[in-house]
Amino acid sequence: AQSVTQPDIHITVSEGASLELRCNYSYGATPYLFWYVQSPGQGLQLLLKYFSGDTLVQGIKGFEAEFKRSQSSFNLRKPSVHWSDAAEYFCAVVPTGGGNKLTFGTGTQLKVEL
Amino acid sequence: DTEVTQTPKHLVMGMTNKKSLKCEQHMGHRAMYWYKQKAKKPPELMFVYSYEKLSINESVPSRFSPECPNSSLLNLHLHALQPEDSALYLCASSPRGGRNTGELFFGEGSRLTVL
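In the order they appear, the protein sequences are chains A and B. Here this note's numbering runs 526 ahead of the position in the first sequence, where the first position is 1. Here this note's numbering runs 24 ahead of the position in the second sequence, where the first position is 1.
Bear in mind the hints are in silico, worked out from the structure with no lab data behind them.
Distance windows between CB atoms, simulated:
no., chain 1, residue 1, chain 2, residue 2, range
1, B, Pro93, A, Ala555, 33 to 41 angstroms
2, B, Gly38, A, Arg595, 45 to 53 angstroms
3, A, Glu639, B, Ser89, 40 to 48 angstroms
4, B, Asn94, A, Gly567, 22 to 30 angstroms
5, A, Gln528, B, Asn94, 31 to 39 angstroms
Glycine included, each C-beta is placed from N, C-alpha and C at the ideal position.
Chain A with its partners taken away, still in its complex shape:
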């Protein structure tokens, strides 16, 4: 069955520390891959996307993600976390070729300690 998994429900990091949020997918062909962020009480904002090509993609707010086909992963990273990065992070996929059905992972709640 097609699925997208975020193994970590909660992650706590200290401000200034590095961050890596994990995402794994299970699809027949590599889907389009996304990371969205949701601040408390807010809608979702697209951080970055991967369709094809360079496996390291840069996004907004200093985030980057690396696609690894061999591991079916698309992990999100940030070298130095800021307190304002505390939020819920969702990995999401659309089947290759596009479509209107964006499927979200279960989310990872990021807490930043000052």
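Assemble chain B onto chain A, guided by the hints.
Showing chain B alone in chain A's frame:
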């Protein structure tokens, strides 16, 4: 202008009430979406309108009735809801009406409480 605007931000209604949620975008996007999000959960797709026609209905109960009057507006009509329908309702849009790439622009949501 890159906004999706949702009104109202908060809505409290009884189980016998009829109310509507509204969504507006002026980015020229041709697909619009309703998602439902319960606390601590990911958004769940409810409906998709593509070129103002309903293209996806994720088996949503008929007490939720979507409407797309034109390419900029999306409504969600609510009638005879249940307390378990209390949630954050998110509207989103994307540029193409057909096979979009998954880049969605979300509004801030309407927080619905059903008493």
